[in-house]
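Residue numbers (this note's numbering), protein chains in the order written: chain A, 209 to 529; chain B, 2 to 565; chain C, 13 to 128; chain D, 349 to 846.
Hints may contain errors.
To be verified - Pulled a few chain B residues facing chain C out of the computed Cβ check, cut under 7 Å:
no. : residue
1   : P544
2   : G546
3   : V549
4   : T550
Said to hold, decoys possible - In silico negatives: residues of chain D with every beta carbon more than 10 Å from chain B:
no. : residue
5   : L376
6   : L396
7   : R450
8   : D549
9   : T558
10  : F560
11  : W723
12  : I755
13  : E756
14  : A763
15  : I771
16  : E804
17  : T808
18  : W814
19  : L829
20  : G843
The set of hints was computed from the structure by calculation and includes no laboratory data.
No residue lacks a Cβ here, since even glycine has one placed at the ideal position from N, Cα and C.
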Amino acid sequence: MLLLLAITALAIAWLRDLFAAVMLAGIYGLLSASFFVSVDAVDVAFTEAAVGAGIFPLLMLAALALVGRNEQTAYRRPLISLLLVSITGAALVLGTLDMPAFGSADAPPHNHVAVRYIEESPKEIGIPNMVTSVLADYRSFDTLGEVVVVFTAAMGVLGLLFTGRAASPGSATERANMYDHRVLRVVSKMLIPLILLFALYVQFHGEYGPGGGFQAGVIFAAGIILYAMLFGFGNAQRVVRPALLQILAACGVLIYGSVGVVCLLSGGNFLDYSQLLPDPLVGRHVGILVIELGVGITVASAMILIFYAFASATVNSEEVA
Amino acid sequence: MMPFELPPFLFFYLAGALVLFTSGTPRAVLMLLIPVVSAVNLWLTPEGSYGQLAFLDLQLTLHKVDRLSILFGYLFHIAALIAIIYSLHVRDRMQQGAAMFYAGSALGAVFAGDLLTLFVFWELLALTSVFLVWARRSERSYRVGMRYLIIQVLSGLLLLGGIILYSREADSLSFVEIGLHGVYGWLIFLAFGIKCAFPFFHNWLTDAYPESTPTGTVFLSAFTTKVAVYALARGYPGTELLVYIGAAMTCFPIFYAVIENDLRRVLAYSLINQLGFMVVGVGIGTALSINGAVAHAFTDVIFKGLLFMSMGAVLHMTGRINGSELGGLYKSMPKTTVLCIIGAASISAFPLFSGFVSKSMVMSAAIENDYPWIWLMLLFASAGVFHHAGIKIPYFAFFAHDAGIRTSEPPVNMLLAMTIAAALCVTIGIFPEVLYQLLPYDTGYNPYDATHVLAQTQLLFFSALAFVWLNLRHMYPPELPSVNLDAEWCYRRLAPSVLQRITGVVVAANTALRTSAAKLVAWVLAYISRHHGPDGLLARTWPTGSVVTWVVVLLAVYLSLSLF
Amino acid sequence: MLPELYNYWVVILLMMTGFYIVIVQGNLIKKLIGLNLFQTSVFIFYISLGKVSGGSAPIFAEGVSSYSNPLPHVLILTAIVVGIATTALALALVIRIRNAYGTVEEEELQQRDLEC
Amino acid sequence: MLSHLPILQVVVPLLAAPACLLLDRSRLVWIFTVLACGLSLLISMLLLYQVSQHGTLSYDLGGWDAPWGIEYRIDLLSAYVMLVVSGIATLVIVAAGTGLEREIPLEKQTVFYVTYLLCLAGLLGIVATGDIFNVFVFLEISSLATYALIAYGRDRRALWAAYQYLIVGTIGATFILIGIGFLYSLTGTLNMQDLAARIPDSAGSRTASTAFVFIVVGVCLKLALFPLHLWLPNAYAYAPSLVTAFLAATATKVAVYLLIRLHFSVFGEQFASSSLPLHGILLTLGLAGVFVASLVAIFQPDIKRLFAYSSIAQIGYMIIGIGFGTAIGLQATLLHLFNHALMKGALFLALAAVVYRLGSADISAFRGLGRRMPWTMAAIVIGGLSLIGMPLTVGFVSKWYLILAAIEAGMWPVALLVVTGSILAVVYVWRLVEAAYFQPPENELPEGLDGPDRREAPLTLLVPTWLLVLVNIYLGIDTRLTVGTSGAVASALLGGGQ
């Protein structure tokens, strides 16, 4: 598995065609996702599949459409760089020689903080998925930060690209590239509601199985993006307006944050859900649900916003040209 | 007694700030009032330390009054007042504001109770004074001011370095006798030396002072170097090295002064020469000699101020200052002429004039302490002074052949300032006790004994005779000021050619040294700009890859350093 | 020793490949792919840390006593999100660069800056 | 509510950001942003007071105890840095009220303010947290926001600069992440205090050394230590002027904070100096930075770039202070951290005023500026004097301690080089003064005709600038606050860590 990964990586380095490189990067994402499954990191695998094999290549392709797929072949002192990189790699290999062996159960990471997560979290939090417990409760502030990172990126992209102009209906750009594929359109018309449903399932199932707000948000976004690709951005933007998305993205963060503030007002520390309701365990449940919802909303709307921004950049650059 | 213990610099700084925002009569009144108020304040301040202040982990004393500092305090007040009167007609906010700040800084430095405060005012002195040079607002004065500033700041940096070392060594910052011990002693010595225009560090003075405005030079001549003398008197009394340095300072400017055509530059050289007497006095280090040095500083400020003022008046009225272009001005500026002659008599140490009273103390101290050679040098220098400052200045400006310039007396305020200075010169000359009372030590010295008076008069008489004779024979041509003839007649034993050659060699060596230094600097600059200039290797915009390369390199280096 | 640390070495290999791409390639998009490789290698590193032999996925189930460590998983979830957020922003930058300069090759960028 | 101050410090700007987006009118957004920044400044003052009265504060997020949950930990050092960051942020945002209109189109201003608040929240989060992974998260928030802010610059080179910074910054952050991973594999914890307790057990292991190396390199990238500084000049030069003012005064300072925190509080001085000849490296690189950057600054025609290079040089001084490895050296670093924020904040704000009026920060724009914009130019001069290290300004205080530290450590040449570096600063500051006061303006306007570029900068720009300048002078004379605080912090950090 890892060997495959390494080969893919080298192939990416070798390839000149950006399009192929992006595709390989997608495959690389899938491969690493399956590696994550093989080492029991199902949540991570799910996310990596959605991101590495989904959103990442999608964004890359959208950008490539604007930038062009051909790369120039001028390399900068490849030999020296190769040498440098190899030396550093060798030094690193030396540096890892006394690392705890792979999978050994008595390595320090497994015997300190993690013990409590594994042994106590089903009782303390009351949900089986320990990753969700840690993510949404023990270290929920990190997750708030993570949502804010997505929000920040969306804001950055917005500031950079978005002009606020929707493509005027009926213009040439209205018809998306894949508009002519009738079969695709019919199939996806049926598929998109399913995708959205699945997103909702992932959203609310996160406590029990792999999944949660982030994955759900990504999937939801993927559904909308698919719609946009097939039916044109103008149509998509009429269905889900960018202004609304901005508000939603902000609201998601605010929902998350206000849960924290409510906890604070009801006498606990920031994000201490046990204060939300008289029964601390139920309170935790509610807290986790609400913040996961916030995560989902922000991630979905941020991803769609980013995609819209890329799309509108396409439209604009075509108009300029 | 709170209100009477304010440090004097506060008054001047306040005045400086106000001057920037006022004009006309209020400004004039303000500028005149401030030194008076400040002087009264100083008069009422008993000796002691005031304005203690904790800075960093150090104890600072902003304001410390003792006998040495108070003498300079009075001196600077007098000088400031005279210079202010002299410059009342000037309508230039920047110049007058800077002058007030400058005088204030000098006072601050003199009353600084610790070295760090001294350093602060030392730098402020440099910063504020440079505006007086720039006030002439010409390209040349800008360049000169720049050089001046660099050297002054350098002196400050040396001082700071010395102070830091000193504070570690002595664990205190109070400004007491330092002496040439260790690196810090030398650093501080050098810093003081630069400001005091020691040989090889004197160029800033002769460079900058003649380039300032007519009024600016009067201020400049009073403060900077005297602060340095004060600092030397406090930090390095009795350092023998100073005797030799001082002696050199008295002699070498004479060569330059004699060949110089710009009369204010002549005065600048003679300023260095007078400083030499003070430095010798400090270096000998006995009560008498220190008294002499301090007293000479006192009188020098006034008579040198008077001379600069009279030359300033000439420049102000005629727009010319080169000896070769002037002459015959006594017809149109008789009062200025008389005042200038009083100044000339003082600097030449005529009995009954102030220079005699103070200079003779240093000379006596040199004899008493077995420095016969030094005494001889000082004697030679005295004669030289008489020649270039006492005779040359008034003669070429006001007499000599008539250059045909017809003008009038300078403005009343200028005349008034000069009159006050002249009156002081004469008063001190006749009643030296007034000055002696103020001196740090009580020595009961009497300048008017027969030997002194006789020796001095004899010297002066022969010099004058020589000059007159030369002139009658038309052998002292003002049109060719670079020909140096006077020394031959002062000291017949020295052949004129030898002297001329020495002068030539000194000047040539100096020039050669400077050009090669300039070349070196230019080369270094070119080298630096090749790499650091906007398109140089180190300033270029680099591609992302090379930035990352550095990351990798650093990572590898760190790793190998930490693993092996 | 080899099988025990094999994972880390592959991680290092991936990391260095990513680096190599970032250093050598002049194309801004290719650099991003390289950066992504580099980041992913770190994910693999973390997840490898969390593996416990014989453990199962950290979702509570009756009768399972040994789980893999959930903490690295949580951290990497965050890191993946951070990674994609960075990529999105970077791509937006690349698009703007392309619009402003007309190229995404670094050498040409440098030349065009020198021209003006 | 007072017990919640540590979290409020971060959460206020963090949540103000999305709330800002909901307001639509840009004037309203500005007022809101100013309020949010002002509030966080107030909180940071209260925090500093609390910490100085009651000692270190600890705050468990989500109510979970420290090694399991995320802990916020405010000691004197973090309170001190947060005060700098939020203070500068507030002043800059006040100035943005009018200063922004010429640099960023109106329709993008809302998003700009949102990003600004996010950046502030990220920076404060880095400083406040006691959890090493949380550092990474907030580092990324602030970094992403920074990249976006830089890209707002009008010059197209801003884009490329932002891209470069993004690549380099991401590598830096990922390095830190790798370092965290190594540490975790060694100790099983992410809490800084817990780490500090557990690292000595595994001192000498290669893993620990490797972790340290990764973290140091990563942080050095962020703080633009020579030779990893290549991203900085362009980023600062082409970003909008106000952004530059904010970043120059805060971002690198937070990076320096991070270096100090990780070096002294997590790894501990003993480990750090035994695993790497770090002191030597830091001294060498710091000095190299001072000289190379100062020399480059001397020749720069673009004044923003000039001051960007001078920032690199000043960072060099801070690093030198750490490199001595003594309490007084560290104190010098902390002083300079604070003081440099003050002076660079003032300088870049004044530059923003110049750009606002003249549309350019080229040296030619400065000709005759002393008459056109006397207040702005005076601020630049005082800021420049501070940069040089003139007495009566804060610059002197930090240089003084730096030199003391050098002498105490017996490193004469270093002390001498520090002084020489100051002389280089004199030269580049002088170029500005010369242009402003001694050269005629490039295009002299007819007398009596008040063109738009003849006037002094608007008050909203001048007041924050002069506030900084006055603080600059005040703290240069009354040094109790800075010297006292930094002294206490330095001895606490070196006295076995907190």
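With a cut-off of 7 Å on the beta carbons, see whether P544/B makes it to chain C.
-> Interface hint status for P544/B: holds (5 Å vs cutoff 7 Å).
Decide, holds or violated, for the assertion that all CB atoms of chain B are farther than 10 Å from the CB of D549/D.
-> 18 Å, holds
Is it correct that the beta-carbon of W723/D has no partner in chain B closer than or equal to 10 Å?
-> For W723/D, whose nearest Cβ neighbour in chain B is about 14 Å away, the distance exceeds 10 Å, so it holds.
With 7 Å as the cut and Cβ atoms as the points, is V549/B at the interface with chain C?
-> Since the shortest Cβ distance to chain C is 5 Å, the answer is holds.
Does G546/B pass the interface hint, meaning its C-beta sits closer than 7 Å to a C-beta of chain C?
-> 4 Å, holds
G843/D and chain B, when compared Cβ to Cβ, separated by more than 10 Å = The claim holds: G843/D sits with its nearest Cβ about 18 Å from chain B, beyond 10 Å.
Regarding the assertion that E756/D does not contact chain B, is the least Cβ-Cβ distance greater than 10 Å?
-> 8 Å, violated
Is it the case that L376/D keeps its Cβ farther than 10 Å from each residue Cβ in chain B?
-> 39 Å, holds
Quick one: work out the minimum CB distance from T808/D to chain B and report holds if it exceeds 10 Å, violated otherwise.
-> Non-interface label on T808/D holds, nearest chain B Cβ at 25 Å vs cutoff 10 Å.
Given as non-interface: L396/D, which should sit over 10 Å from chain B by C-beta | 21 Å, holds
Is the Cβ of E804/D more than 10 Å away from each Cβ in chain B?
-> 16 Å, holds
Given as non-interface: R450/D, partner chain B, CB spacing beyond 10 Å = 25 Å, holds
Hints 9, 10, 12, 13, 14 and 15 from the list above are not met by this structure, while the remaining hints are.
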